[in-house]
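*Asks:* So the protein sequences, as listed, match chains A and B. Quick note on numbering: the first sequence equals residues 118 to 483 in our numbering. Quick note on numbering: the second sequence equals residues 118 to 483 in our numbering.
Heads up, some of the hints might be wrong.
For identical chains, the list gives no copy identity; a pair is met inside one copy or between any two copies.
[Unchecked claim] Calculated lysine to aspartate or glutamate pairs in the EDC-like style (CA-CA distance at most 20 Å, straight line):
# : residue 1 : residue 2
1 : LYS119    : ASP443
2 : LYS410    : GLU397
3 : LYS119    : GLU445
4 : LYS297    : ASP458
5 : LYS130    : GLU445
6 : LYS130    : ASP142
7 : LYS130    : ASP458
8 : LYS410    : ASP253
9 : LYS119    : ASP458
Hints in this document: simulated from the structure, not taken from any laboratory. Quick caveat, the model's predicted, so the values are computed rather than measured.
There are 2 protein chains.
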Amino acid sequence: MKTLLVTQADLRKLVHEVGIDALMDQVIEAVEGAFRAFDTSRTELRQRDGFTLRNARTGVLEWMPVMRQGETITIKVVGYNPLNPRRYGVPTIIATNSVYDCETGHLMAVVDGVLATALRTGAASAIASRHLADPDSRVVGLVGCGAQAVTQLHALSRVFSIQRVLAFDVDPVAQRSFPKRVGFLGLDVRAVPLETVEAEADILCTVTSVGVGEGPVLEDGRLRPWLHVNAVGSDLPGKVELPRSLLERSLVCPDFLPQALVEGECQQLRPEQVGPSIIEVVQNPERHRDWRKRSTVFDSTGFSLEDEAVTRVLTELARRHGLGMDVELECLAGDAMDPYDLLLPGQGVQAGEEAPGDSRHKVRVA
Amino acid sequence: MKTLLVTQADLRKLVHEVGIDALMDQVIEAVEGAFRAFDTSRTELRQRDGFTLRNARTGVLEWMPVMRQGETITIKVVGYNPLNPRRYGVPTIIATNSVYDCETGHLMAVVDGVLATALRTGAASAIASRHLADPDSRVVGLVGCGAQAVTQLHALSRVFSIQRVLAFDVDPVAQRSFPKRVGFLGLDVRAVPLETVEAEADILCTVTSVGVGEGPVLEDGRLRPWLHVNAVGSDLPGKVELPRSLLERSLVCPDFLPQALVEGECQQLRPEQVGPSIIEVVQNPERHRDWRKRSTVFDSTGFSLEDEAVTRVLTELARRHGLGMDVELECLAGDAMDPYDLLLPGQGVQAGEEAPGDSRHKVRVA
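Bound conformation, chain A alone:
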């Protein structure tokens, strides 16, 4: 049994062949499809759990499992360390997504999770904005100009006709270099003071790695009354990006409630102040339509259903384009009852001998 590896080089070829816009469109489609089809009787979600990394204040390594019953189990293992870019020259978020067969437990595929996470997090905000923001929104604000901001803007650009992008970061280098990173979109992107983002955005994404207890990153007061916020950064207990007053007057839609109550903006609310989940919104689009002209928040902690969807898109595209590498990772060949079969010379059941179990499915490696 082989394991499909979809590596960095494969994703580079894939983007070259498919195009980054078509890829994002497929991820948006797949994530929204997963929200629409979600059914607890067939899909089992787990809240993420993890370890605190050496950088005890904010670094974590977490596992995010989801099972589609009778099909696959997908587990993203994701590290989050805001010191990564400056200290190690690698992204804050490093991840790999693994897919297991529900019948045997076999590892079917391992896919890079860095691009996958950026894509699905952008896609989730685009989906939420499509349902909750004013359809006439033209000005997108970004607070935080790191890796996730790129795909936030890219995904929104696939759903809205954006006229202007206003970007702010507390790190002036990250802020100044942002327009270049999203240059491929051909949009009017300006590095501006935070107050300008707050005053002019129709849709605003908070995408920061603000420390625990150091939020919010926005001030309430000058925000537009129809503002839709995608609050993407909060993902740890005590880490929040939005002022409570904004949350209290808005329809706040969490992605995955049990997680959002622990580590999302919903930490700041009592349960009865929380609105419908993004899944309920997508499954009942008419029910919340009136909110599009009012203040809304998507509390995006990031959850495994999104990872499962993007992983499926990437593995299927890789297969279709002949990309990825098949490796025999697990020692599965030979006699299922002999861990040393094929490892020791002369070991194993020989042709013509009685073999334990049903040999129909057996694979022998020369």
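Given the coordinates of chain A, assemble chain B onto it according to the supplied hints.
*Replies:* Showing chain B alone in chain A's frame:
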């Protein structure tokens, strides 16, 4: 940043170069060393958690995480499905072991977990038997003749001078073919009725996939008074292999108490009836020496400290012998703040331009 893959083919070469006995000796050494050095202030263990597979009665997929603070996090993801051998021709236990960097979250290595699990489970029983069994033990009994039985016997053969091996399985094909599977050991191995195993074994390993509620697999009554049992099979709530009366008169040493109370033989005991853990026994060998002439049980549910140790042995040996494959799995190259850098033509910070973050550690891929 690269990820080391240690595949089936690598392990075959490794066993060829190192020898299966030397490999088992190193795993025994590493696992015992991990027990001896274990310190909760430096190592964080998690109880396994998981999903029930489609085969709802007994199949599971579980994750078993452990962190050595400031060094690595190791996560084994392991499927257990007793239908695997007959239905799919693959082992009951399928696993992969992954190692993550505690600083960044980077996936450092992925190693087959099928051989690794068999090796470490055998090693754990050998270590427990060395500390708890009569040193003059000469007759080893096996109840259950599947994949794990092979490494139980192999590991015990590295620690005891075995004169006779008595093997029983409810599946006559598995039982009859077992002597051949362990033929490489050059021992006197006999397929015998269960009663003979019970009556004559000095050390006995129960290594079955008995169903939940279907145990025990042994009868009390004719067992030797100095018998040491390695109870390896129980790993699910409700699944037990040993009669309660045996447990009640024995020193029962769990591998990892919180887990053993839920899914090990310790399920059958009140907490005050449970003896010291294997870690306490290894750290204080003199304290329990008198029990070697009396009835003892190692309640081996299998835990992540063992997986961490065997994974370290296999990755270090692979490196030393130039085996394994380095792949760039995660999209980490290029600008840490740009998930599309190196994916899109013309994207990314060019030479001479201001780059976000510290570029010292940056890796560029041509």
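*Asks:* Taking the hints in turn, state whether each one holds.
*Replies:* Here's how the hints hold up against the structure:
1. LYS119 with ASP443: Classified as both; 6 Å inside a copy, 18 Å across copies.
2. LYS410 with GLU397: Cα proximity of LYS410 and GLU397: one copy only (19 Å, versus 64 Å across).
3. LYS119 with GLU445: Answer is both: 5 Å inside a copy and 19 Å across each meet the 20 Å cutoff.
4. LYS297 with ASP458: between (56 Å within a copy, 11 Å between copies)
5. LYS130 with GLU445: between (23 Å within a copy, 14 Å between copies)
6. LYS130 with ASP142: Answer is within: at 17 Å inside a copy they meet the 20 Å cutoff, but 45 Å across does not.
7. LYS130 with ASP458: Classified as between; 13 Å across copies, 38 Å inside a copy.
8. LYS410 with ASP253: Result: close within a single copy only, 10 Å intra versus 82 Å inter.
9. LYS119 with ASP458: within (18 Å within a copy, 30 Å between copies)
The earlier numbered hints are all upheld by this structure, with none contradicted.
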